[in-house]
Amino acid sequence: MNDAEEAPDRRLHPVVYWLIVLAIAVSLGVSAPAFFLLGFWEMAPLVLFATWLAPKLTRGHL
Amino acid sequence: MSWAAHDLEPYLFRAKLGARISIVWCLIGSYSPDVLTKWAVYGFGFSHHDAILSDPVQFHRGWPGAGFTHTPFWGFAVTGAILLLTKNRTWAFSYLLGAIAHVLSDSLDSVGVMMLFPFSTWHMHFGLWEYVGEAGRAKDAVAYYTSLGGVWDAFWALWLLRYWRMFTITYFRDELYPSDPFWSWMHRFTGETVMLTVYRTSAFFGYASIIGWYIWVLAINDFHPHLDWSFGAPHWAPRQGPR
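Protein chains in written order, with our numbering: chain Z, 1 to 62; chain D, 1 to 243.
It should be emphasised that the hints constitute simulated quantities derived from the structure, not laboratory data. The beta carbon of each residue, even a glycine, is placed where N, CA and C say it ideally should be. Keep in mind that the hints are not guaranteed to be accurate.
Said to hold, decoys possible - Okay, the calculated bits of chain D under chain Z, using three or more residues with CB under 8 angstroms as the criterion:
no., segment
1, 51-64
2, 207-215
To be verified - A few chain D residues that face chain Z, going by a derived Cβ cut-off under 7 angstroms, partial list only:
no., residue
3, Asp-7
4, Phe-46
5, Phe-204
What the hints assert, rightly or not - A few chain D residues that don't get close to chain Z, going by computed Cβ distances all over 12 angstroms:
no., residue
6, Ala-19
7, Arg-20
8, Tyr-42
9, Ala-77
10, Leu-85
11, Thr-90
12, Pro-118
13, Pro-178
14, Gly-232
Please model the complete structure; the sequences and the hints are all you need to start from.
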């Protein structure tokens, strides 16, 4: 038996991943609305980082 | 005024009209009426309010003032300029649709918009919620998200959920990129991660801000943290706009 072949894929489902990112964004916004909830550009760094990280942490593409 | 509706409406247009809509130009159209004016309406500060203008309502929606930016006339004028400069009908139409959607959304508050400008300064206003921009960012957020304004945002957010697949990489690669030359132009300067960020950020912000503002307004803020979905709410704010 090959252990490597049977190792479970622990990467996140893409939908779960983006719901976690959304929860982080909402938490940041509620903590500091003046810095995160006043315009779309305030979320751009988080979306950029999450988009870059997604292929490394998720199964398949979303 | 509307909040996240301006971020979400262009995606619905893309979902419904497909390749006839350039999402970036539709977003530019949707943001354009406020981009040079809203900071002055709100003034400085968040929880405290330092006014810049003596009459921000007149400045934002009226004439004399910058209210012409919230009119179909201005939308068509800028659309004509885009068409002349780019020769791209899809970009021009997308801008126009975004700008007109902004104007119509803002007609739902108590101040409304000058629909017939420059022939008339009459304000089309449905008064579903009170315009509270003159009170600054924090109080406007409380006013908007405790009134039917927040429901208007939630309506667009829930409708757009039905089309969640349009935010996938597959959709971007197979549908969006080939249908709009904006993306191949952008690809000359940057990679797919940045392009996806440009495509997704406004929608992501729309959802995060609606959820975030509702939590902040109802659970953190202590100034009138109660929902009031009656016509013309909130009633604690002074009446603005034509009667």
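Status of each hint after checking the structure:
1. 51-64: violated (count 0)
2. 207-215: It holds, with 7 qualifying residues against the three required.
3. Asp-7: Given a least distance of 6 angstroms, the restraint on D:Asp-7 holds.
4. Phe-46: Nearest chain Z Cβ about 4 angstroms off; hint holds.
5. Phe-204: Status holds, d = 5 angstroms.
6. Ala-19: D:Ala-19 is indeed farther than 12 angstroms from all Cβ atoms of chain Z, at 22 angstroms.
7. Arg-20: holds, 23 angstroms
8. Tyr-42: violated, 9 angstroms
9. Ala-77: Label holds. Min Cβ-Cβ 25 angstroms, cutoff 12 angstroms.
10. Leu-85: The assertion about D:Leu-85 holds, with a minimum of 25 angstroms to chain Z.
11. Thr-90: Holds: least Cβ distance 22 angstroms, greater than 12 angstroms.
12. Pro-118: The assertion about D:Pro-118 holds, with a minimum of 30 angstroms to chain Z.
13. Pro-178: holds, 17 angstroms
14. Gly-232: holds, 25 angstroms
In summary, the structure is inconsistent with hints 1, 8 from the numbered list given earlier, while agreeing with the others.
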